[in-house]
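Q: Just so you know, the protein sequences line up as chains R and B, in that order.
The first sequence maps to residues 1 to 317 in full-length UniProt numbering.
The second sequence maps to residues 1 to 317 in full-length UniProt numbering.
It should be emphasised that the hints constitute simulated quantities derived from the structure, not laboratory data.
Be aware that a few hints might be false.
For chains that are exact copies, the list does not tell them apart, and a pair is met inside one copy or across any two.
What the hints assert, rightly or not - Here are the simulated DSSO-like cross-link-like pairs (lysine-lysine), alpha carbons at most 27 Å apart as the crow flies:
1) Lys-27 <-> Lys-280
2) Lys-96 <-> Lys-280
3) Lys-97 <-> Lys-287
4) Lys-227 <-> Lys-101
5) Lys-40 <-> Lys-304
Number of protein chains: 2
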Amino acid sequence: MKVAIVGATGETGSSIVNGLLASADTKFDITALVRPTSLKKPEVLDLEKRGVKIAAADLGGPEDEITNQLMGIDVVISTILASELKYEIPLANAAKKAGVKRFVPCFFGPVMPARGMLWFRDHKEDTLNHVQTIYLPYTVIDVGWWYQISLPRVPSGRLDSVVGVTGNRIAGDGSTVCGRTDLRDVGNYVARIIADARTLNQKVFAYTDLRTHNEVYDLIEKLSGEKIEREYLSSEQIEAEIANKDNIDRLSVLQFQKSWDLRGDNTPEYARYLGYQVAKDLYPDFKGISFEDYCKEALEGRLKPLYERRRKATAAA
Amino acid sequence: MKVAIVGATGETGSSIVNGLLASADTKFDITALVRPTSLKKPEVLDLEKRGVKIAAADLGGPEDEITNQLMGIDVVISTILASELKYEIPLANAAKKAGVKRFVPCFFGPVMPARGMLWFRDHKEDTLNHVQTIYLPYTVIDVGWWYQISLPRVPSGRLDSVVGVTGNRIAGDGSTVCGRTDLRDVGNYVARIIADARTLNQKVFAYTDLRTHNEVYDLIEKLSGEKIEREYLSSEQIEAEIANKDNIDRLSVLQFQKSWDLRGDNTPEYARYLGYQVAKDLYPDFKGISFEDYCKEALEGRLKPLYERRRKATAAA
Chain R
1 MKVAIVGATG ETGSSIVNGL LASADTKFDI TALVRPTSLK KPEVLDLEKR GVKIAAADLG
61 GPEDEITNQL MGIDVVISTI LASELKYEIP LANAAKKAGV KRFVPCFFGP VMPARGMLWF
121 RDHKEDTLNH VQTIYLPYTV IDVGWWYQIS LPRVPSGRLD SVVGVTGNRI AGDGSTVCGR
181 TDLRDVGNYV ARIIADARTL NQKVFAYTDL RTHNEVYDLI EKLSGEKIER EYLSSEQIEA
241 EIANKDNIDR LSVLQFQKSW DLRGDNTPEY ARYLGYQVAK DLYPDFKGIS FEDYCKEALE
301 GRLKPLYERR RKATAAA
Chain B
1 MKVAIVGATG ETGSSIVNGL LASADTKFDI TALVRPTSLK KPEVLDLEKR GVKIAAADLG
61 GPEDEITNQL MGIDVVISTI LASELKYEIP LANAAKKAGV KRFVPCFFGP VMPARGMLWF
121 RDHKEDTLNH VQTIYLPYTV IDVGWWYQIS LPRVPSGRLD SVVGVTGNRI AGDGSTVCGR
181 TDLRDVGNYV ARIIADARTL NQKVFAYTDL RTHNEVYDLI EKLSGEKIER EYLSSEQIEA
241 EIANKDNIDR LSVLQFQKSW DLRGDNTPEY ARYLGYQVAK DLYPDFKGIS FEDYCKEALE
301 GRLKPLYERR RKATAAA
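Could you build all of it, start to finish, from the sequences and the hints given here?
A: Rendered as structure tokens:
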């Protein structure tokens, strides 16, 4: 099965490359679609060493050139930055012209209402509407909230390098369940889903762990022996901060918290209501990395921070 | 099963009232939600005589008053004018508060992409997004193109009173299939669908007949012995007329024609791709009025024109 990936060096893209390369069930022939100006970057050369084909593609350029790069490709997977989602439109058009059999637009997040909850989720829905308008076979994959952005700060400071984007702030009373997945498992789920005829033209919710924000903190307290400071934010506080949106990254986090912490959207029940298939039903044999094991790794200092390259670049700038 | 209907005196609403009253499988207790100013209209009094309860509801008024009218109701069905779709938002909120078990928003049209095809279809999608955001159980029902707006003019003039909104104009080459339903069967489909647990939180495409625009005209030529003038419009002509939109009703017809005549959206294949269930799969025993029988009725002058009251009102004004 020939798979082309946009964003293969990003966090989600890397997990997908790893998952496809490690797949025992299906042999994947992987092509990374890379900006012409990025062909010589170390992370792209790394991919090449690992057997990934590299193809130059300028998603802002002529659609026919993208089409040429997609000829013979079975599955196109997009893991694109929120700010670049508009480039999925020419990518989808090219995939249609090239006869691609399945297009996987960039979702890979928590389950939530289609529109009006998270600013860039609306753009993802625009892509899906376009995909459906051009009658392109597709699969939407959501993976819930990553373990990797779930951990709070503990007094000893030993989680500081891997603390999640919500810090120690809990929206609501912390009693709402939320589906979570180890980022390293995203590719393992994707390898199953894109080789599965049952998921064609469907949405799939692939999550490993389901627990409340309080239960996350309780577990870490138990494993660490440390007491975690918990800052509870009311619905009114969250709404006021959202209305005050001065920073787009901060806005995203608040909107995520409103959705999964306050509203409780990111659950298999709500996903089923929205028409998603649930990966646990499709692949009962696949267990994934447990959240408890992830927390132990984190507490033992065995994890690398996320977005390492981006942080280094920011530090250097 | 207690059902409340908005728009019970309109074309779709009347069909639904008839279908529910005639249902042999399920006993429906029907309430028509009527504007306070319309309570004494003859068509409302007619409903009352037929055993339909009448409840005053001002959808632009306080939500709590609508909620009170919906207490104890199992299913709410909206058949509201395109220009009034915004009132489905307070109606859905009230249904949620009243504990309604299934909300049927006003779709009842051809299958097409969710957004960007037909101006008021976008508003229907806004309602659906809102329904899903408040986690209200729902069913979307689309019925394709009505027989009642499908007929062309024939030279003898005997179809003039029942000629369809597309007149004798065919978008494209007339070879695209289109799902059609007799308006009088809409209620019969609805009676099945709202009593069916399989359709909860699903979209259903209920159509009876599937044929091309050319095949419609061929059939009428065969049955009438008359030659039908066929005006074929290219994709470019349709797009130019859409861009030129000077009249909202005319725009709607052009956008419908683009969707089902040019693109071929209104088919069971595309519906399944979009995640719809298909009524023929769910209810293989239900046949519906055949298109051929409808055409015979029309040619024999046995049909009343649609929107009779509206035409009379326009003529009087």
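Q: Decide, hint by hint, whether the structure agrees.
A: Structure-based check of all given hints:
| no. | hint | verdict |
| --- | --- | --- |
| 1 | Lys-27 <-> Lys-280 | within (23 Å within a copy, 39 Å between copies) |
| 2 | Lys-96 <-> Lys-280 | neither (30 Å within a copy, 30 Å between copies) |
| 3 | Lys-97 <-> Lys-287 | neither (37 Å within a copy, 39 Å between copies) |
| 4 | Lys-227 <-> Lys-101 | neither (51 Å within a copy, 44 Å between copies) |
| 5 | Lys-40 <-> Lys-304 | within (24 Å within a copy, 73 Å between copies) |
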